[in-house]
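Engineer: Residue numbers (full-length UniProt numbering), protein chains in the order written: chain F, 1 to 692; chain E, 1 to 354.
Possibly wrong hints are sitting among the right ones.
[What the hints assert, rightly or not] Capping the alpha-carbon separation at 35 Å, the derived lysine-lysine pairs in DSBU-like fashion look like this:
| id | chain 1 | residue 1 | chain 2 | residue 2 |
| --- | --- | --- | --- | --- |
| 1 | F | K141 | F | K83 |
| 2 | F | K212 | E | K60 |
| 3 | F | K141 | E | K93 |
| 4 | E | K195 | F | K190 |
| 5 | F | K212 | F | K443 |
[Claimed, not checked] Partial chain E-side listing against chain F, Cβ under 7 Å, derived:
| id | residue |
| --- | --- |
| 6 | P72 |
| 7 | D73 |
| 8 | I74 |
| 9 | L77 |
| 10 | E78 |
| 11 | T81 |
| 12 | F82 |
Calculated directly from the structure, the hints in this document are not laboratory data. Idealized CB from N, CA, C, for every residue including glycine.
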Amino acid sequence: MAKIIVDGVEVDVPPEYTLLQAAEAAGAEIPRFCFHERLSIAGNCRMCLVEVKGAPKPVASCAWGVRDCRPGPNGEPPEILTKSKTVKKAREGVMEFLLINHPLDCPICDQGGQCDLQDQAMAYGVDTSRYHENKRAVPDKYLGPLIKTSMNRCIHCTRCVRFTTEVAGVEDLGAIWRGEDMEITSYLEKALGSELQSNAADLCPVGALTHKPEAFHYRPWELSKTDSVDVMDAVGSSIRVDSRGREVMRILPRVNEAVNEEWITDKARHIVDGLRLQRLDRPFVRIDGRLRAATWQQAFAVIAERVKGTERKRIGAIAGDLASVEELFALKTLMHGLGVANIDARQDGSLLSPAHGRGSYLFNSTIAGIEDADAVLIVGANPRIEASLVNVRIRKRWRMAPPPIALIGERVDLTYPYDYIGAGPETLADVAAGRHSFFEKLKAAKNPLIIVGPGAFAGESGLAVLSLAAQLADSIGAVREGWNGFSVLHNAASRVGALDLGFVPGEGGLTARQMADGAVDVLFNLGADEIDIAPGTFVVYQGTHGDRGAHRADVILPGATYTEKSGTYVNLEGRVQMANRAAFAPGDAREDWAILRALSDVLGHRLPFDSLNALRTKLYAEHPHFAELDSIATSDVAAGVKALAAIGGNPGREPFVSPVKDFYLTNPIARSSGIMAECSALARDLRLEAAE
Amino acid sequence: MAVRRLAPEEIQPKSFAFSPENEVFAQEQIAKYPPGRQASAVIPLLWRAQEQTGGWLPRKAIEAVAVRLDMPDIRVLEVATFYTMFNLDPVGKYFIQFCGTTPCALRGAGDIKKVLERRVGEQSHVSADGNFSWLEVECLGACCNAPMVQINHDYYEDLTPENFEKLLDDLAAGRPVKAGPQSSRRSSEPADAVKTLTDPSLYDGSMVGAWRKRFEEEAVKAVDTGEAAAATATAAANPKPGKPDAGRAIDTEKADTPAKRVKEGEKPVTNSERKEAADTSKTTVAEQKPKGDVPAAQSGKSYVATPSKPEAGRAAAEAPTTPIAGTPPSETTTRRDGSESKPDVVPDPTKKSS
Numbered sequence: 001m002a003k004i005i006v007d008g009v010e011v012d013v014p015p016e017y018t019l020l021q022a023a024e025a026a027g028a029e030i031p032r033f034c035f036h037e038r039l040s041i042a043g044n045c046r047m048c049l050v051e052v053k054g055a056p057k058p059v060a061s062c063a064w065g066v067r068d069c070r071p072g073p074n075g076e077p078p079e080i081l082t083k084s085k086t087v088k089k090a091r092e093g094v095m096e097f098l099l100i101n102h103p104l105d106c107p108i109c110d111q112g113g114q115c116d117l118q119d120q121a122m123a124y125g126v127d128t129s130r131y132h133e134n135k136r137a138v139p140d141k142y143l144g145p146l147i148k149t150s151m152n153r154c155i156h157c158t159r160c161v162r163f164t165t166e167v168a169g170v171e172d173l174g175a176i177w178r179g180e181d182m183e184i185t186s187y188l189e190k191a192l193g194s195e196l197q198s199n200a201a202d203l204c205p206v207g208a209l210t211h212k213p214e215a216f217h218y219r220p221w222e223l224s225k226t227d228s229v230d231v232m233d234a235v236g237s238s239i240r241v242d243s244r245g246r247e248v249m250r251i252l253p254r255v256n257e258a259v260n261e262e263w264i265t266d267k268a269r270h271i272v273d274g275l276r277l278q279r280l281d282r283p284f285v286r287i288d289g290r291l292r293a294a295t296w297q298q299a300f301a302v303i304a305e306r307v308k309g310t311e312r313k314r315i316g317a318i319a320g321d322l323a324s325v326e327e328l329f330a331l332k333t334l335m336h337g338l339g340v341a342n343i344d345a346r347q348d349g350s351l352l353s354p355a356h357g358r359g360s361y362l363f364n365s366t367i368a369g370i371e372d373a374d375a376v377l378i379v380g381a382n383p384r385i386e387a388s389l390v391n392v393r394i395r396k397r398w399r400m401a402p403p404p405i406a407l408i409g410e411r412v413d414l415t416y417p418y419d420y421i422g423a424g425p426e427t428l429a430d431v432a433a434g435r436h437s438f439f440e441k442l443k444a445a446k447n448p449l450i451i452v453g454p455g456a457f458a459g460e461s462g463l464a465v466l467s468l469a470a471q472l473a474d475s476i477g478a479v480r481e482g483w484n485g486f487s488v489l490h491n492a493a494s495r496v497g498a499l500d501l502g503f504v505p506g507e508g509g510l511t512a513r514q515m516a517d518g519a520v521d522v523l524f525n526l527g528a529d530e531i532d533i534a535p536g537t538f539v540v541y542q543g544t545h546g547d548r549g550a551h552r553a554d555v556i557l558p559g560a561t562y563t564e565k566s567g568t569y570v571n572l573e574g575r576v577q578m579a580n581r582a583a584f585a586p587g588d589a590r591e592d593w594a595i596l597r598a599l600s601d602v603l604g605h606r607l608p609f610d611s612l613n614a615l616r617t618k619l620y621a622e623h624p625h626f627a628e629l630d631s632i633a634t635s636d637v638a639a640g641v642k643a644l645a646a647i648g649g650n651p652g653r654e655p656f657v658s659p660v661k662d663f664y665l666t667n668p669i670a671r672s673s674g675i676m677a678e679c680s681a682l683a684r685d686l687r688l689e690a691a692e
Numbered sequence: 001m002a003v004r005r006l007a008p009e010e011i012q013p014k015s016f017a018f019s020p021e022n023e024v025f026a027q028e029q030i031a032k033y034p035p036g037r038q039a040s041a042v043i044p045l046l047w048r049a050q051e052q053t054g055g056w057l058p059r060k061a062i063e064a065v066a067v068r069l070d071m072p073d074i075r076v077l078e079v080a081t082f083y084t085m086f087n088l089d090p091v092g093k094y095f096i097q098f099c100g101t102t103p104c105a106l107r108g109a110g111d112i113k114k115v116l117e118r119r120v121g122e123q124s125h126v127s128a129d130g131n132f133s134w135l136e137v138e139c140l141g142a143c144c145n146a147p148m149v150q151i152n153h154d155y156y157e158d159l160t161p162e163n164f165e166k167l168l169d170d171l172a173a174g175r176p177v178k179a180g181p182q183s184s185r186r187s188s189e190p191a192d193a194v195k196t197l198t199d200p201s202l203y204d205g206s207m208v209g210a211w212r213k214r215f216e217e218e219a220v221k222a223v224d225t226g227e228a229a230a231a232t233a234t235a236a237a238n239p240k241p242g243k244p245d246a247g248r249a250i251d252t253e254k255a256d257t258p259a260k261r262v263k264e265g266e267k268p269v270t271n272s273e274r275k276e277a278a279d280t281s282k283t284t285v286a287e288q289k290p291k292g293d294v295p296a297a298q299s300g301k302s303y304v305a306t307p308s309k310p311e312a313g314r315a316a317a318e319a320p321t322t323p324i325a326g327t328p329p330s331e332t333t334t335r336r337d338g339s340e341s342k343p344d345v346v347p348d349p350t351k352k353s354s
């Protein structure tokens, strides 16, 4: 630790700290534009100038280390001043330079009200400019459907360039020309090819890069802000939902070091228009082959009639990828009341089950734990599209010091290099048996990490593949005291919560696949749109969008999306998080647990709760770990891995294929979004171009 | 630097590949750097690509270099656009970089520019016959031979409109031309007569060792007077300070000021000093100059350290501060510490440093 005096306050900080960090530790605020905690240091905006005692000129505090400071003449700790006259004058000078070419278009700028430059100009700016020449004019750039540019406003902090290069891992953005003529652009204005590109617009300290889909839609001060959780993938990124009136206007990331740091995917951010398009806003009943609008009573009556006339064994329930724990619990309780054992939330056909212990289906290493891994084997996963922020962590780990990383499955671009060692279970079997050279690397590693993705564990032979991976984990000592190197990567937000809840077939129950193939006569479909249901089954679809599930339905019960209800979601690590209501469901649509509660009454098996609180009380009584928000309940990972390893079975020879065919169109909300459709088309073009 | 763009698509060649010899060159360049650092070779490769395409970098060449060095296209574009030595538009067979910076401009670069505008046309445009294009650049560092231009790899200096026109004619006609000064002089030797360093003693060997000899003489003198021996004897007992404060403006108690004298109960100004100050022969103020000989001061500001109004109470200098022209520095009686060339500086006789 090194001592340093900041404005007369002595603090003790690690010597590798920069002056900026030391000043923050001492409680002094330093203005900055180019510096960002999660990006490399550029030191080009000069806004963070401070005075170092003994240095002849002000220094850029973001790029000056505490250990680079000279002590005083008698060995006193080095001293810096952040509020002195010199500092203020220096910053005013920098600000004046920055404003020389910055247009005065704050009234028409989307960044107005949330602009670093605006805020800091209030603190360090002067009221007039002494500059009488013409301002620089820079042509705007095309960077794809998500980022709108207004390059006159650019102050050349290069945060966007550093973000795309370092975090997103696509070297698309760059700064061409030089000096006053410097311009930020992609190569010949190609659209950015990253699933994280919108974060670059968040990072922009001025209005040069703004979000195109939201352009001119709102002012930041008009919005009410609701902290929530993203459900577009199983990562459960922390988000903030900003709404105006009944309408969600935008979604922003929240800082959560354990999960998403401060990034979210474009899908999490820009499905906002999908929340209002294609919505089911009233119940529908299929009469003579056509869906007709109905009242809740009519719809319930139709369902009650069908259920009454059907044998219990021929009734089933499938839950989809966006269901919260509350409605899963309500549906499970209802089915239990009806005496139905055919319930399943695994529409991908996997056989993960709470029977093997919680450790058998969680991302046990945790997302933050990836940073401690020193050898990574990815089996049947494409983390970049299945759980983008897990991929960001692996890339972050790779940037610290490249560990050996190998992939079995599809050969895809993960933004970091890896050893491609095979396509299917045979390679995994080779590695598990120690016949492959990568086994030695895993064995030698202190914290080896095996990530098994949906490409591997979905489908019939999935359990055998999982078992094989567990055997490998066991044999290399990946699971031990202090390190859980066996991680299952999910891609559906509801999956872990459903497994925790035991939303899997009961004794003699049918799986989702079997139910969809016509083994039941009445099927409750709670928002499962990724599964094709055979004709002949009477389908009750409870969901939010007029998507695949609704087209197949015989009765439609309109529900609420994740922004319109308070719901618990468990992310792939097993972290229990709660999404909050930011807006109301449209029309007659209701919160899903309430629909099930009302339906239960009609079916004659009234659910024992009348409010969300009562539901939760009951839920927490049965499954106490759901009450521990934002934490991961400890589970016996070793036992889970042992149980999996003991299953054995024939993993087959089929190569692993990711179930996510199109990153931008994985769920009903995304499929309804025009922005996502545009992104998807663009990504397809980019893929074709790359394939050429 | 005007805003530049890549050349329009219609004049971009459809493909680019390194010629065999440039490919060999590329391999040599890449081999200079450790594996994985091949991107360091980007500038030499771009340069060769530019030479191969006749002086400019088409888009395909930038992409070819990116592929060759396993770099993203944008990273190569960043380099190619940063350096003005990479031309992104076609240039003439003879690409003229015309220096328009101050020394050249003072020596008639404006006329050269007019020739270029008349003969070649607008800046950054290739002439109709494809022979010439020109660009105004900043100083190329040949100011002693101003005005000058760089044509392809060579400098052409000492230009006049006439010899520049002839140069362009010769180039256009394919006649051999002489690089370097276009006047009769060789490299940057004096243009007409030799005016400096003309003292023959500089060249006859008589000055060799003169500087050293002076020190030797002084050393001998010191030995003769016993000064050196005395210094050695007292060195241990009375060491010289490592950092003498000589030359620095430091207030010391030794300063003899009227105020200090008053404090110590003495007269602020002694009679002898008063008499000395009144001595007109020693002040510039009272110095009688023959009228007509010296032109009157041009401005109100005088460059001698003399108060313009001595009666205002400021101390007058003890000695004339304007040296008589031609007096060698060693012989002058006035201060030579630099203050004599600054306006309105009054040497303070009480400062120890003076």
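Engineer: Indicate, hint by hint, whether the structure satisfies it.
Structural biologist: Hint check results:
1. With a C-alpha separation of about 39 Å, the suggested pair K141(F) and K83(F) falls outside the 35 Å cut-off, and the hint is violated.
2. Distance check on the hinted pair: K212(F) and K60(E) sit about 31 Å apart at the alpha-carbon level, within 35 Å; holds.
3. Restraint check for K141(F) and K93(E): the C-alpha separation of about 34 Å stays at or below 35 Å, so the hint holds.
4. Using a Cα cut-off of 35 Å, the hinted pair K195(E) and K190(F) is violated, with the two alpha carbons roughly 63 Å apart.
5. Of the supplied pair hints, the one linking K212(F) and K443(F) is violated, its CA atoms being roughly 48 Å apart against a limit of 35 Å.
6. Using the Cβ-Cβ criterion of 7 Å, the hint placing P72(E) at the interface with chain F is satisfied: the shortest such distance is roughly 4 Å.
7. For D73(E), the interface hint holds, since its Cβ comes within 7 Å of a Cβ in chain F; the closest pair sits about 4 Å apart.
8. Interface restraint check: I74(E) against chain F, minimum CB-CB distance 4 Å, threshold 7 Å, status holds.
9. Interface restraint check for L77(E): the shortest CB-CB distance to chain F comes to about 6 Å, inside 7 Å, so the restraint holds.
10. With a least beta-carbon distance of about 5 Å to chain F, the hint placing E78(E) at the interface is held under the 7 Å criterion.
11. At its closest, the beta carbon of T81(E) sits 4 Å from a beta carbon of chain F; the interface hint therefore holds under the 7 Å criterion.
12. Here the hint on F82(E) is kept, as its CB sits about 5 Å from the closest CB of chain F, short of 7 Å.
Violated hints for the displayed structure, listed by number in ascending order: 1, 4, 5.
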